[in-house]
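Produce the complete structure using the sequences and hints provided.
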Amino acid sequence: MRTHLQKRDNRSMRMTILVPIISLLVSFLLGALVLLLSKANPLVTYQAMLKGAFGSQTKIQYTIAKAVPLLLCGLAVGVAFRLKFWNIGAEGQYIAGVIGITWVMQFWTFLPVWLLLPIGMVVGVACGALWAAIPGFLKAQWSVDETLTTLMMNYIIIGYAEYLYINAWKAPRGNMGTILYPEAAWLPRIWGRVHAGVYFALALVVVLYFILYKTRWGFELNMIGKNRRAAQCQGVCIKRNIVLGMLLSGAIAGLAGAIDSAAVTHQLTKGVNSGYGFTGIIIAWMSALNPFVSILVALIMAALETGSDALQIMKLPSAMGEVMQGLILIPLLAGSVFIDYRLVSRASHTEATP
Amino acid sequence: MIDITKTFPGVVANDRVSLTLHKGEVLALLGENGAGKSTLMNMLIGLYQPDSGSIFINGVHRQIHSPQDSMALGIGMIHQEFMLVGNMSVAENIVLGMKDLPFVPPMGEIKKKITALSKRYGLQVYPDKIIHDLSVGEQQRVEILKLLYRGADILILDEPTAVLTPGESRDLNEILKRMLSEGKSAIFITHKMDEVMSFSHTVQVLRRGKSVAVKPTGDIANVQELANMMVGRDVLFSLDRGPYEPGLAMVEVKDLVMLPIGGGKPILDNVSFSVRSGEIFGIAGVAGNGQQQLTEAITGLLHVDGGSIHLGGKNMTNKSPLAIIKGGVSHIPADRGRMGVVGDMSVGENLSMKKYRTAELSHNAVMKKSRIRRFAEDLIERFTIKTPSQDTSVKFLSGGNIQKTILAREIDFCRGILIAVYPSRGLDVGATEAVRQNLIKQRDQGSAVLLVSEELEELLMVADRIAVMFEGRIMDILDANKTTTEELGMLMAGVAREGR
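Protein chains in written order, with this note's numbering: chain A, 1 to 354; chain B, 1 to 500.
No lab work stands behind these hints, which were simulated from the structure alone.
Fair warning: this is a prediction, and the values are worked out from it, not measured in the lab.
For the chain B half of the interface with chain A, some residues (derived, Cβ under 8 Å), not all of them:
#1 Leu301
#2 Ile325
#3 Arg338
#4 Val341
#5 Gly343
#6 Asp344
#7 Met345
#8 Met353
#9 Tyr356
#10 Arg357
#11 Met367
Once the Cα atoms are required to be at most 30 Å apart in a straight line, the calculated DSS-like pairs of lysine-lysine come out as:
#12 Lys386(B) x Lys355(B)
#13 Lys84(A) x Lys354(B)
#14 Lys355(B) x Lys239(A)
#15 Lys239(A) x Lys314(B)
#16 Lys214(A) x Lys386(B)
#17 Lys482(B) x Lys441(B)
#18 Lys441(B) x Lys326(B)
Quick reminder that beta carbons are idealized off the backbone N, C-alpha and C, glycines included.
Put into structure tokens, the structure is as follows:
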């Protein structure tokens with residue numbers, strides 16, 4: 001019996017909720033297959049990951065601290081995706097944020113120390129925004145494909161950051177990395193490893209939700225994303241909004257970079273291309289671009305990362321976290337077709353329309 | 001093709017239509033938009049399957065399931081939009097997609113064969129040229145060659161001259177004649193009466209899915225008779241309307257010129273007219289003669305290359321859509337789904353898409369959600385939009401209710417100028433009537449209404465004055481009370497009035 005997809009009369013609410021949950025389970029099953037292939041026991045591994053992510057207070061703190069840049073990157077990507085602007089350059093915009101804050105911390109020494117953090121963060125945000133505005137402008141002005149430009153610009157800034165921490169801005173001692181930020185200018189911790197960045201991230205969730213769902217601008221972004229031509233007919237300026245949307249998206253990614261380096265790494269060094277920006281794509285997509293749902297998804301993603309760190313110590317395949325992050329999206333993308341369509345068997349269909 | 005019937009949900013596209021094409025003959029298929037010409041042809045080339053009826057090719061009963069099937073039977077169609085790959089060469093395009101092509105195509109041989117074919121039929125093309133660099137007329141020749149190369153004996157041409165210059169049209173006529181002398185046949189879909197007279201041997205007219213006439217072209221006295229056959233004489237039911245008391249000119253278009261990107265014949269060619277308050281100014285014409293571009297120029301969606309547009313006395317030439325909306329212009333666009341609504345947003349949201357900027361629906365930058373809900377509820381009731389709730393996505397509504405949603409939004413917002421493009425296209429009788437009544441109501445309340453339509457009956461019923469557009473020009477502007485479908489039909493076909 002052959003089957004085919006038939007459009008539903010209405011978007012299925014049940015499926016909107018069920019598909020992500022089932023996808024998550026399917027991806028764990030797929031992950032188990034990968035583990036079996038590498039001769040590891042899936043149950044043991046998953047258990048170890050769970051323990052590694054939530055097994056103790058410190059571990060929970062690590063997971064939360066990791067969720068902060070992830071959540072911010074997810075929000076950043078989400079803003080661009082709302083416009084159907086495929087910004088896969090949050091990684092680069094994040095790095096621009098790190099470079100921005102490091103520049104202030106290292107060279108703006110004429111400022112009183114207490115001013116370094118706020119000003120550094122502002123500069124970081126501005127760097128991220130500007131880095132994102134370039135592909136936004138190119139798209140708006142000459143329809144240059146944003147998927148390529150945002151992706152390629154990641155590599156440009158990764159290389160530049162490398163040059164900075166190996167050469168230009170390298171600390172006198174050691175062979176890479178800038179000097180540490182002055183301790184008084186670090187973003188304070190609020191609960192063990194958890195730092196004040198959490199406040200920023202959560203506040204931003206609320207602010208973004210308000211902007212996207214309650215304001216005129218949010219309404220316009222929604223229109224552009226869902227039907228660009230109709231939005232244009234209603235007098236919405238597409239070009240300006242693409243640039244503005246990208247400025248906001250890049251600013252958030254830049255904030256993620258500034259916060260993480262002010263709170264965790266305290267310098268620009270190897271590992272700045274953390275992959276948070278790429279994981280942000282998965283977070284944005286899984287949360288259906290909803291800022292509040294992003295919190296939950298970011299926590300899951302952070303848990304996968306901290307959980308797999310624990311695998312390393314136990315001599316289990318520690319790349320499992322990344323494998324899982326990649327795997328999660330596939331069943332979700334495949335499954336989301338069921339939100340708008342239902343599966344019908346061909347036989348019953350032809351009977352219905354003789 | 002015998003007794004072909006095809007129904008789509010809610011529409012009978014073809015109702016027991018029979019069509020006979022003899023060897024060496026050109027059959028002109030005529031009819032208004034939506035008369036069922038394309039559907040009929042799509043069944044001949046296997047894109048659709050008829051619900052009933054049968055198709056005989058060279059006397060043999062055939063089931064045509066796909067374009068591959070029809071090609072194997074020697075039937076090929078040239079669509080209005082060419083199916084060519086722009087950055088590949090002529091020769092590559094001609095053999096592209098052929099099933100029996102070897103893994104490494106012998107391009108030398110292929111080119112020789114193409115050159116031979118093009119000489120035989122007088123189709124001048126260079127096999128090495130890239131499609132991008134060809135004119136529209138040359139691209140069409142490539143399409144014809146593509147079919148000939150595959151051995152087509154029956155060619156279906158869907159409005160082949162719509163995109164051609166008069167010179168290119170004459171060339172096409174010559175090419176067709178040569179092919180016929182070799183025993184090939186053609187079906188020719190067109191709206192242009194004079195071409196029918198000069199190209200075809202037989203004329204068949206479809207109206208509302210039915211075949212209403214088949215006649216040898218020689219038996220038709222003149223273009224007038226042809227126009228009558230196509231439009232038919234339908235009894236008009238009249239709509240209540242106030243007296244015609246036009247006021248100030250609200251829309252003034254002067255010498256408007258729009259050129260296509262990359263050159264070619266102008267899309268708009270010195271168009272001038274004005275629409276006064278309290279009148280409905282109709283624009284008649286076969287789709288694709290520049291009407292839609294004209295309305296998009298007025299609403300700021302397209303840039304013009306010359307001339308001026310004044311709205312409410314202010315110069316609004318090449319201003320942004322937003323500036324024009326703020327100038328009081330409402331627009332019911334041609335393509336409902338793509339331009340009129342955002343399908344994935346709710347009815348309520350779609351209804352508020354013009355007024356959300358005003359103090360009525362938002363405070364500074366923040367939308368007044370509960371006010372918007374009441375506003376939407378009110379419009380749904382006033383315009384009798386049938387929807388489960390205002391939260392339903394617009395894409396789930398019927399075409400008529402989608403159009404009512406647009407109508408409600410635009411009319412509610414209307415401040416003096418309403419531009420409606422094909423507002424009743426594809427709607428059932430009830431919805432069509434609602435649309436027309438609303439347009440007349442706007443007129444009676446003193447708005448300037450610009451109505452673009454393909455349906456002459458609609459224009460004669462609703463409009464006060466009617467301009468006819470043909471190939472980007474205004475052929476004439478007529479008083480709706482003093483003209484007839486016949487006269488309009490002639491002008492639509494590019495035939496100027498006698499004595500001019």
